[in-house]
Amino acid sequence: MSLLEVRNLLVHFPVSHGLFSRARQFVKAVDDVSLHLEPRETLGLVGESGCGKTTLGRAIVRLIEPTAGSVLFEGEEITRLAGAQLRARRRKLQMIFQDPYGSLNPRMTAGEIVGEAIDIHKLADSAEARRKRIAELLKAVGLDPMHALRYPHEFSGGQRQRIGIARALAVEPKLIVCDEPVSALDVSVQAQIVNLLHDLQQQRGLAYLFIAHDLAVVEHISRRVLVMYLGKVVELSGAKSVVRAPKHPYTQALISAVPVVDPDSKRQRIVLPGDVPSPINPPSGCPFHPRCPVAEARCKKEIPALREVAPGHWAACHLAK
Amino acid sequence: MPLLEIKNLRLEFGSGENAVRAVDDVSLSIEAGETVCLVGESGSGKSVTALSIARLVPSPPARYVSGEIRLDGRDVLKMSKVELRHIRGGVVSYVFQEPGASLNPVFRVGNQIKETLKLHKPRTPNLSPSDRERVAKPEEGHSRGRTYNEEVIRLLKLVGIPAPELRLKDYPHQLSGGMQQRVMIAMALASQPKLLVADEPTTALDVTIQAQMLDLLRDLKRRLGMSILLITHSLGIVGDIADRVAVMYAGQLVELAPAKELLRRPLHPYTQALINSVPGLGAETQRLRAIPGNVPQLDALPSGCRFHPRCPKAQADCSQKVPGLIEVESNRWVRCPYWK
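Same order as they appear, the protein sequences are chains A and B.
Mapped onto the numbering used here, the consecutive letters of the first sequence carry residue numbers 85 to 405.
Mapped onto the numbering used here, the consecutive letters of the second sequence carry residue numbers 220 to 559.
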């Protein structure tokens, strides 16, 4: 049984054009996405801004209510849970946010931030046990337990992200949705956090849904990678095969656009024309066809289904081989 | 003579004992038509160095302690306000990281570009002959406003904005991030600068848009023959666009070299660590080689070499002796006595 299984998930946001007018249009932020995640696995989720990757991550944790579709966590449907049941489920399902500055309460010390999670789920039966547990968690993420008394502004960006990770770990989750956890950090600190997440996964048997736009980082940390474009999954395969042999033209362009350090690299860059279209009125047929270098006539009409083009390699493109 | 020559620039914030030296002994030159990348992490002083080229760091609180900034043959630090106003835009233009924050939200983008044109009374465009044919030049006898409009359209075309006649009536929020950055570049080019300083111009943009933007900068440099100083934290961008690179750490230049040579064979331990800590696309790496510790705060700098607490090759005397920038090979400068 998969740890997480998402079936045909839809998240649509209504767009209203005034206070009293009824919403007639919808932003299809997540449009019919299915995925599954095994225990101890990392699934990378890549895409450009506005492709719906964050919305998908939040809908899975139910910070955003899905419009339709189902999310099964350990076989249990969680889209219909409420109250105490939902809270109990959430213990197994945590999230780390992008902005380590914005996601920590500036008026709480690091110890209080981590301790709040312990209190809500009643994981410590005495004040002593609670203190010990906070110290353990801070140590696990590479902070000095003495730092429990400090406020977020006294930490550097990397250390703040460590507090966010400690808070997520406090309730012993099985799955952590990491929403761009290293994007806001300096290059030299990014590697520290990626290594930390990797070590914690080994030690605690965590599964990650790792959302990022940096393909190199995603490839490094993930076993499988899912590529999104305009709310839809366009490609899904093992991390190495997505990067080395991408099947979808969008993924090919995305990978070729990543600047590489190696000055002798002979890569041919595919520069896509134009911008990502508005998800309110996505193009007909294949949503990528207006920017696609190889689009044909039928791409304008028929929506390509996600199909297995090679063993274990899925792509949503009429022309993928 | 180089277009820009910064010599031993020292810049402090605050005064007396609390003074924080954000830029310490930075020397850098840019030739006409050259692209130089300034690489560093947050707090390394790269933006402040770039802003001081047009003396844009307000003083106070900043204090230019010593050094020289020779732009187009004249020292910026000795210029009067009138002269400064002339070189800002006239010789050097800036493009910043957040295009959304740099554009005025309540004016149409066309008018914002026009404002630059009015301020700088454009000389004849320094375009290549082919461009001159392609882009219709304003004809004699038109009213001033009309001419400005045509110049705005020409600029928007130059930076690759489709249907510029319509776009110039847009407000910034109606444009995507990539389009906003193109407008910023058009505005920077309006005054026909000799040097374009781009401070992390692609950081806020997606990779596919970033690729478009780097292509645009390369193309503009070739067509207009200007120099570019590009500030970035991404070494990938360096490999993509730069002729030469300057690496900064904690307010100092630690390595200066031709871009390809630096990426192939970095000499300073910090540059080496920085290159190693980035995962390569498609590379087999089990574990990232992270640099331990954090970037030092400028008010609590380590003694001796500023990188020594994080340096894997640090020797006993690194914590005492302040290393100087030495030319170890022709055109290769390194601030580390143990670079071998």
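It is worth saying that the hints were derived from the structure and are not from the lab.
Yeah, the Cβ is synthetic: ideal placement off N, Cα and C, and Gly gets one too.
Careful: at least some of the hints might be erroneous.
[Claimed, not checked] Chain A is nowhere near these chain B residues, computed Cβ spacing over 12 Å in every case:
1. Asn237
2. Arg289
3. His305
4. Phe326
5. Arg373
6. Thr427
7. Ala430
8. Leu439
9. Arg441
10. Lys479
11. Pro485
12. Ser522
13. Asp536
[Stated by the list, open to error] Taking lysine-lysine pairs in the DSS-like style, the calculated list, with each CA pair at most 25 Å apart, reads:
14. B:Lys540 x A:Lys350
15. B:Lys559 x B:Lys540
16. B:Lys376 x B:Lys337
17. B:Lys479 x B:Lys540
18. A:Lys223 x A:Lys258
19. A:Lys350 x B:Lys376
[What the hints assert, rightly or not] Just some of the chain B residues that point at chain A, by a computed CB distance under 7 Å:
20. Glu253
21. Ser321
22. Val325
23. Gln393
24. Leu394
25. Ile456
26. Asp462
27. Ser496
28. Pro515
Status of the hints after comparison with the structure:
1. Every CB of chain A is more than 12 Å from the CB of Asn237 of chain B (nearest about 19 Å), matching its label as outside the interface.
2. Remark: the non-interface label on Arg289 of chain B is consistent with the geometry, its nearest Cβ contact in chain A lying 30 Å away (cut-off 12 Å).
3. The claim that His305 of chain B lies off the interface holds: its Cβ sits roughly 36 Å from the closest Cβ of chain A, which is beyond the 12 Å cut-off.
4. At the 12 Å boundary, the C-beta of Phe326 of chain B stays outside the reach of chain A, the nearest C-beta of that chain being 22 Å off.
5. Listed as outside the interface, Arg373 of chain B is consistent with that label: its C-beta sits roughly 21 Å from the nearest C-beta of chain A, beyond the 12 Å cut-off.
6. A beta-carbon of chain A is positioned within 12 Å of the beta-carbon of Thr427 of chain B; the least distance is around 5 Å.
7. Not every Cβ of chain A is farther than 12 Å from the Cβ of Ala430 of chain B; the closest lies at roughly 4 Å, contradicting the non-interface assignment.
8. No Cβ of chain A approaches the Cβ of Leu439 of chain B within 12 Å, the least distance being about 15 Å, so the stated non-interface status holds.
9. Consistency note on Arg441 of chain B: stated as away from chain A, and its beta-carbon is indeed over 12 Å from all of that chain's, at 16 Å minimum.
10. Here Lys479 of chain B does not stay apart from chain A, with its beta-carbon only about 4 Å from theirs, under the 12 Å limit.
11. Distance to chain A contradicts Pro485 of chain B as a non-interface residue, since its nearest Cβ pair spans about 10 Å, not more than 12 Å.
12. A cut-off of 12 Å between C-beta atoms confirms that Ser522 of chain B is not in contact with chain A; the least separation is 20 Å.
13. Remark: the non-interface label on Asp536 of chain B is consistent with the geometry, its nearest Cβ contact in chain A lying 24 Å away (cut-off 12 Å).
14. For the hint linking Lys540 of chain B to Lys350 of chain A, the alpha-carbon distance of about 42 Å lies beyond 25 Å, and the restraint is violated.
15. Distance hint between Lys559 of chain B and Lys540 of chain B is fulfilled; the C-alpha atoms sit about 18 Å from each other, no more than 25 Å.
16. A distance of roughly 19 Å separates the Cα atoms of Lys376 of chain B and Lys337 of chain B; the hinted pair therefore holds under the 25 Å criterion.
17. As the CA atoms of Lys479 of chain B and Lys540 of chain B are separated by approximately 30 Å, the hinted pair breaks the 25 Å bound.
18. With a C-alpha separation of about 20 Å, the suggested pair Lys223 of chain A and Lys258 of chain A falls inside the 25 Å cut-off, and the hint holds.
19. Between Lys350 of chain A and Lys376 of chain B the CA atoms are separated by roughly 30 Å; this puts the pair beyond 25 Å, and the hint is violated.
20. This hint is violated: Glu253 of chain B has a C-beta 17 Å from the nearest C-beta of chain A, more than the 7 Å allowed.
21. For the restraint placing Ser321 of chain B at the interface with chain A, the shortest Cβ-Cβ distance is roughly 18 Å, beyond the 7 Å limit, so the hint is violated.
22. Taken as an interface hint, Val325 of chain B does not check out: its beta carbon lies about 21 Å from the nearest beta carbon of chain A, beyond 7 Å.
23. The interface hint given for Gln393 of chain B is violated, since its Cβ lies 12 Å from the closest Cβ of chain A, which is over the 7 Å cut-off.
24. Because the closest C-beta pair between Leu394 of chain B and chain A is about 9 Å apart, greater than 7 Å, the hint is violated.
25. Checking Ile456 of chain B against chain A by beta carbon gives a least distance of about 5 Å; that is within 7 Å, so the hint holds.
26. Of the supplied interface hints, the one on Asp462 of chain B is violated, with its beta-carbon coming no nearer than about 12 Å to a beta-carbon of chain A, more than 7 Å.
27. Against a cut-off of 7 Å between C-beta atoms, the interface hint on Ser496 of chain B holds, since the closest Cβ of chain A lies about 4 Å away.
28. At about 10 Å, the closest approach between the beta carbon of Pro515 of chain B and any beta carbon in chain A exceeds 7 Å, and the interface hint on this residue is violated.
Of the numbered hints stated above, those contradicted by the structure are hints 6, 7, 10, 11, 14, 17, 19, 20, 21, 22, 23, 24, 26, 28, listed in ascending order.
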